[in-house]
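A.B. asks: Sequence:
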Amino acid sequence: MASRSVTLDDVARAAGVSYQTVSRVLNRSQQVAPDTRQRVEAAMRQLNYVPNRVAQQLAGKTRRTIGLATSDLVLQAPAQIASAIQHEASAQGYQLVIAMADAPGVDAARAAVNELLAQRVDGLLLNLSLHTADACELSELLATLPALFMDVAADAPVAQCVCSAEWGARLGAEHLLALGHRRIALLNGPASSVAAKQRFDVWQQVLAEHQLQPHSVLEGDWSARAGYQAMLTLLPDNLPDALLTANDQMALGALRALHQHGVRVPADVSVVGYDDTAESAWYQPPLTTVRQDLRQLGQQSVLQLVANIEQRSWQAPPLTTELVIRETTARAGIADEEKEIADELARLAQRLRARKPRHE
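Residues in the sequence shown are numbered consecutively from 1, following the UniProt record's numbering.
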């Protein structure tokens, strides 16, 4: 065992119990029988398994800790949420410990959660996309540990702190329709994402309300590279009038692809992002997008979790979602209007040249 770190699974095998039982022991759950608890603790001693949090307590450090299980922080939205969580946790007197899931799905989520449980955190925030059944499984694993899920369906029967995907996605789609666009492409996130599915379903619904079908449906992994590659599949001869993207980073990639092929935004194609990450105002052109207040989401999740940890009530204000109109959307047909104006100016210039008196 000295060649690698001892895991919860190692302890579970040594004690003859499930990893959920080991997690409950670490979590001080009252649902574990005394003899089972003693057997698990004996296995931990035998394997020299000492969670970091225990070591801190033995050293006399008693600062409480919040665990954050999150998706890859190379993505802008999760990174901004984590930053807000860090600041608010510190303001509330809590230390933040972060574990990143290395893949989508419940297995990677469970591994991240177990990593945090091993450090005996006082509460957990899960900013991971989880289907309802998977969220319920993890909620059962966490037993009595206060926890909040931040990327689940609104009707999932777990404690949650989420923004309204329905309202935000509707805002973006209706904005393009109000501008007169009818050939609208959809660039969605990965099929495994709950948020991506919610946004896509609302986009489809709004288009159907106007007797429209998507011009095309594309999918990416949230990255700018994915947006770039997806947009290339429509270039140069299958362009929509407008593009709805499920996050700002994919919109950035799409903008680059359009620019490389001489497509003008918004004159030829309008583009709407989602999230309003800090950099979106600095894209070229500045991105029209749906703002989720990521800072508010991070702050509120901490305040709600801390209230649960400290067993006091707290009334959560609604999380706001709004449309931020910048420079990547414009009225449909503007390119035709510009061409008509250019043609008219050319005709006028030609007439003026024809009327210019000749000097003999």
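I should point out that these hints are in silico values taken from the structure, not numbers from a laboratory. Just so you know, not all the hints are guaranteed correct.
[To be verified] Across the chosen pairs, the derived CB separations fall in these ranges:
id: 1; residue 1: Asn48; residue 2: Thr144; range: 26 to 34 Å
id: 2; residue 1: Ser164; residue 2: Ser192; range: 51 to 59 Å
id: 3; residue 1: Gly333; residue 2: Ser164; range: 26 to 34 Å
id: 4; residue 1: Gln315; residue 2: Asp107; range: 29 to 37 Å
id: 5; residue 1: Pro34; residue 2: Ser192; range: 36 to 44 Å
id: 6; residue 1: Gln311; residue 2: Ser18; range: 43 to 51 Å
id: 7; residue 1: Ser18; residue 2: Asp268; range: 52 to 60 Å
id: 8; residue 1: Ile325; residue 2: Leu47; range: 53 to 61 Å
id: 9; residue 1: Cys136; residue 2: Ser313; range: 18 to 26 Å
id: 10; residue 1: Pro236; residue 2: Ser164; range: 33 to 41 Å
id: 11; residue 1: Ala33; residue 2: Glu166; range: 27 to 35 Å
id: 12; residue 1: Glu174; residue 2: Pro236; range: 27 to 35 Å
id: 13; residue 1: Gly333; residue 2: Glu209; range: 37 to 45 Å
id: 14; residue 1: Cys136; residue 2: Arg64; range: 23 to 31 Å
[Claimed, not checked] Each computed SDA-like pair below joins lysine to any residue, with the alpha-carbon atoms no more than 20 Å apart:
id: 15; residue 1: Lys197; residue 2: Leu212
id: 16; residue 1: Lys197; residue 2: Glu219
id: 17; residue 1: Lys197; residue 2: Val158
id: 18; residue 1: Lys197; residue 2: Gln160
id: 19; residue 1: Lys197; residue 2: Arg291
id: 20; residue 1: Lys197; residue 2: Ala133
id: 21; residue 1: Lys197; residue 2: Glu140
id: 22; residue 1: Lys197; residue 2: Asp134
id: 23; residue 1: Lys197; residue 2: Thr132
id: 24; residue 1: Lys197; residue 2: Gln213
id: 25; residue 1: Lys197; residue 2: Asp221
id: 26; residue 1: Lys197; residue 2: Val106
id: 27; residue 1: Lys197; residue 2: Asn238
Think of the CB as a built atom: it goes at the ideal place given N, C-alpha and C, for glycine as much as any other residue.
A.B. asks: Going back to the hint list, which numbers does this structure go against?
C.D. replies: 2, 6, 11, 13, 21 and 27
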